[in-house]
Every structure is written in C-alpha cells, then in structure tokens.
Amino acid sequence: MSASSTARRIAATVLAAGAMVSIVALPASAHEGDRHRTPKAEISAVQADSPGRDNRTVRSLNAEWVEITNNTRHAINLNGWTLKDEDGHRYKFNDYRLAGRSTVRIHTGEGRDTRTDVYQDRRNYVWDNRSDTATMRDDRNRVVETESWGHRHHRR
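FYI, in mature numbering (1 follows the signal peptide of the UniProt record, and there is no 0) the residues of the sequence shown are -30 to -1, 1 to 126.
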C-alpha cells in the first residue's frame, strides 16, 4: 500500500468519524435549545369574542377568556402575576398556585374562583374581538408571554 493511499484512508476515516460525532451531537443540541424556549407558563388559548350577542350578561362576559397552561410537572405560584390587554385592563392573580401540567381559564365576568377557573369580576368586555394582545407578566413585572390576534399590532 502506498503512502498516499494510506493518507487517503486515514483522512476518510477521520472525516467519517467527524460526521458521526456531528450527527449524534445535533439532536442533543437542538433539544437543549427547545427546552430553553418552552415557557414554564404560557397563554395557551384565547376566546376574545364570546359566542352570540355581546349583551354584557354574566354568561356572555364569562364566555370571553384567556387560558394559561403550566407546562412543567411542578406548581407555579402565580401570586402577583398579571394579565393585561392593549388598553391597559389588568387582572392580578392573588393567592393562586397553578398545578403542574394544568390550565386555568381567566374569565372576564363575575364568578366563584376554582382551581381551573378564575374571574376578573368585570361588567364590561376586556378583549377586543378584532385585534388585541394579551400580555402575561410575572411578579417582578417581567414579560413571560404575549399572545396577539387580528391586525398588525403596535406596542405601546
């Protein structure tokens, strides 16, 4: 076997080994990036336009809601967290823990708070049917998540 043939075999072996290392490493690094991007709590659904006529009945107001989901196995203390629309209507969580892998629905109208449903106790609609942004902030006023719908939004 010639020296150039041996050098080519060594180079091919090194290249193949390098390709195998990068193939094995890519899924792990991609997974790491996904883990850091998934929020612990997220706005998982919005019903901005309550079904039927907007007649400001308790039933109609409570059919307007935002859902927040905890994507972790551990409970999250939402005490002091806020949910706000573009017009500045703000709901503040008081003494509420969101269990692991669970969802809470924040209704606009009046009602009795439970583990799965809380109420803003408002007599007017909050969320704009055509376009709005729901912003969730933690107890340190840091934006945790935003969810927008409708036309292009301008941040205020």
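Hint data in this document are derived by calculation from the structure and do not stem from the laboratory.
A portion of the hints provided could be inaccurate.
Using 20 Å as the maximum straight-line C-alpha spacing, the simulated EDC-like pairs for lysine to aspartate or glutamate come out as follows [unchecked claim]:
1. K54 - D98
2. K54 - D102
3. K54 - D109
4. K62 - D24
5. K54 - E80
6. K62 - E115
7. K10 - D24
8. K10 - E37
9. K54 - E37
10. K10 - D98
11. K10 - E80
12. K54 - D87
These are the hints, each one checked on the structure:
1. At most 20 Å may separate the alpha-carbon atoms for a hinted pair to count; K54 and D98 meet this at roughly 12 Å.
2. Pair hint K54 plus D102 holds up; C-alpha atoms about 10 Å apart against a cutoff of 20 Å.
3. Between the alpha carbons of K54 and D109 the distance comes to roughly 13 Å, so the proposed pair stays at or under 20 Å and holds.
4. Distance restraint check for K62 and D24: the Cα-Cα separation of roughly 24 Å exceeds the 20 Å cut-off, and the hinted pair is therefore not satisfied.
5. For the proposed pair K54 and E80, the alpha carbon gap of about 17 Å is at most 20 Å, so the pair holds.
6. For the proposed pair K62 and E115, the alpha carbon gap of about 15 Å is at most 20 Å, so the pair holds.
7. Using a Cα cut-off of 20 Å, the hinted pair K10 and D24 is violated, with the two alpha carbons roughly 34 Å apart.
8. Among the hinted pairs, K10 with E37 is consistent with the structure: their alpha-carbon atoms are about 14 Å apart, no more than 20 Å.
9. The straight-line distance between the Cα atoms of K54 and E37 is roughly 13 Å, inside the 20 Å bound, and the hint therefore holds.
10. Proximity of K10 to D98 is assessed by CA-CA distance (about 26 Å); at most 20 Å being required, the pair is judged violated.
11. For the given pair, K10 sits about 28 Å from E80 by alpha-carbon distance, which is inconsistent with the 20 Å threshold.
12. Simply put, K54 and D87 have alpha-carbon atoms about 17 Å apart, close enough for the 20 Å limit, and the pair holds.
Comparing the model with each earlier hint shows violations of hints 4, 7, 10 and 11; every other hint is respected.
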